[in-house]
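Listed below, chain by chain, are the residues.
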Amino acid sequence: MLVMMSKEVKRLHVETEKIISDCIKRWNSDNELDDSLEFFKDQFSIWFSKIPEDTQSVVCRLLEIFDYYSHKRANMHLSQLHQKLTQSYPFLNNDNTIFTFIKSGNSESKSSNDYWSEYKRINQISHYICCIDIKDLDENQLSKIGNIVLIDDCCASGNSLINFIKSNIDLFTNKSIFVVTIHVMENAITKLEDFANKNNFKINFIYITKRMKAFTHKIFKYDKHIAKILFRNVSKLLEIPDNEIFGRYSSESLMAFYNNTPNNTLGVFRYKTNTNNPLFPRRQEVKPTWWSMKKRNKIQKISNYNKEIGNRND
Amino acid sequence: MTEYRILLALQYFKEYRESYSISSLMQKLGLTLKQVDSLIDQMIDKKLLKYEDYLLIITEKGRRIIIANNMQYYKIDNNHQNNKIFIDKALSLDSPYVPNRFSKKYNA
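Chains A and B, in that order, give the protein sequences.
Numbering-wise, the first sequence is residues 134 to 447 according to the working numbering.
Numbering-wise, the second sequence is residues 151 to 258 according to the working numbering.
Hint data in this document are derived by calculation from the structure and do not stem from the laboratory.
Since this is a predicted model, take the numbers as computed values, not measurements.
The beta-carbon is built from N, C-alpha and C at its ideal position, and this holds for glycine as well.
Be careful, since some hints might not be right.
[To be verified] Pair ranges (Cβ atoms, derived):
1. B:THR182 x A:GLU319: 33 to 41 Å
2. A:SER436 x B:LYS197: 34 to 42 Å
3. B:TYR247 x A:THR349: 41 to 49 Å
4. B:GLU210 x A:GLU165: 18 to 26 Å
5. B:MET221 x A:ASN164: 24 to 32 Å
6. A:LYS343 x B:TYR224: 38 to 46 Å
7. B:THR182 x A:ASN164: 31 to 39 Å
8. B:ARG167 x A:ASN410: 20 to 28 Å
9. B:GLU210 x A:LYS369: 51 to 59 Å
10. A:SER436 x B:ARG213: 52 to 60 Å
11. A:LYS299 x B:SER242: 30 to 38 Å
12. B:THR182 x A:GLN433: 29 to 37 Å
13. B:TYR201 x A:THR406: 38 to 46 Å
14. A:GLN433 x B:SER242: 25 to 33 Å
So here's chain A without its partners, still in its complex pose (with noise of 0.2 Å):
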């Protein structure tokens, strides 16, 4: 009995390290290991010993398929981007092109900050071209600008980028959009190029990776649905929340970067809960009730007057 004991937890250990040894080589070029890569390598065994052995197969095929992104491969590919940018579309040049980046009304730190950051500067890209926010331009500046590059780390369900684009869609319209961005989900691309076609304007992607929701590949053992509902049940026994299981807007992500992981990416690799202790946790910080509260406040009062103005009319 012991011994078979001892086989089993050898099998077990050298199936995790080759299932490391994998990842760490695809991810990594380099002889030294950053923060997240090693706290991967650290937890991975103890992480891998709670899946239950039927999903064990599941969680390895996905790991096939997920993609980190350290800083230095992400400023690399950030430099990769701008090339293709240039190389495809020869005709974007200072007077007709701003980069910006897609900025969320609540928070002046979200990481495409980051990225528009690090890629005007890796691609020494004039700052006059550079802006912060779309909305600082005056009609002048933007009626002759005909294209606007938009970078991020990823656009994984298209939703942030579509509403971006619709409470800005008088700068939008008539503009060439380019979408920069590392890691592209084909999901979002229809959507956005369906958004675009209705709205009359041009969109364009740019990107290193593109991928398929994970549960549409042909990888996995079993039947595609059989696997999903397998991973169902192990996220449910490690306490993930229903609509953090599949990820945000059900994207099936799985991709993860130096400085955080998207909500879209698969709940058991990046939430955290008393059973989990994820490979890349998303850095999650809870808004105090106000927050959302000031949200509620407005949308009430817009309901009320949207109301009164009915009632009139009627």
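Got chain A; can you put chain B on it based on the hints?
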């Protein structure tokens, strides 16, 4: 004021090395993106920072400035080396903060 910010930023790049990020520098120094961006540009112009192998690193001149200002032992973030990966949620304002290994020290 700018000199002081430059010193803090230099220390940040020395401490964080390849794990630096613009947004984390913004938070540490309490500056906006525009301010941090211009600060980094100034530091590159003064040859205190440079890009090497796609990463921003502190130059020899930058290191000498840290030493000349007696900042070599100053830590921007005391927890950085110990808690490289921060994953815990922030404590609410009314929860008491218990330092690491407090009970061990208290019992001793």
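Going through the hints against the structure:
In this structure, THR182 of chain B and GLU319 of chain A meet the distance hint of 33 to 41 Å, their C-beta atoms being roughly 36 Å apart. Separated by about 57 Å at the C-beta atoms, SER436 of chain A and LYS197 of chain B break the suggested range of 34 to 42 Å. Between TYR247 of chain B and THR349 of chain A the Cβ separation comes to about 46 Å, which falls inside the hinted range of 41 to 49 Å. The supplied range of 18 to 26 Å is met by GLU210 of chain B and GLU165 of chain A, whose beta-carbon atoms lie about 21 Å from each other.
The supplied range of 24 to 32 Å is met by MET221 of chain B and ASN164 of chain A, whose beta-carbon atoms lie about 30 Å from each other. Taken as a hint, the range 38 to 46 Å holds for the pair LYS343 of chain A and TYR224 of chain B, whose Cβ atoms sit roughly 45 Å apart. The hinted window of 31 to 39 Å between THR182 of chain B and ASN164 of chain A holds, with their beta carbons roughly 37 Å apart. Taken as a hint, the range 20 to 28 Å holds for the pair ARG167 of chain B and ASN410 of chain A, whose Cβ atoms sit roughly 25 Å apart.
Against the hinted window of 51 to 59 Å, the Cβ-Cβ separation of GLU210 of chain B and LYS369 of chain A comes to about 54 Å, which satisfies the hint. For the pair SER436 of chain A and ARG213 of chain B, the beta carbons lie near 58 Å from each other, so the given range of 52 to 60 Å is met. The hinted range of 30 to 38 Å is satisfied by LYS299 of chain A and SER242 of chain B, whose Cβ atoms lie roughly 35 Å apart. For the hinted restraint 29 to 37 Å between THR182 of chain B and GLN433 of chain A, the CB-CB distance of approximately 31 Å keeps it satisfied.
Take TYR201 of chain B and THR406 of chain A: their Cβ atoms lie about 39 Å apart, and the range 38 to 46 Å holds. The hint said 25 to 33 Å for the Cβ distance between GLN433 of chain A and SER242 of chain B, and at roughly 26 Å that hint holds.
Of the numbered hints given earlier, the model fails hint 2 alone.
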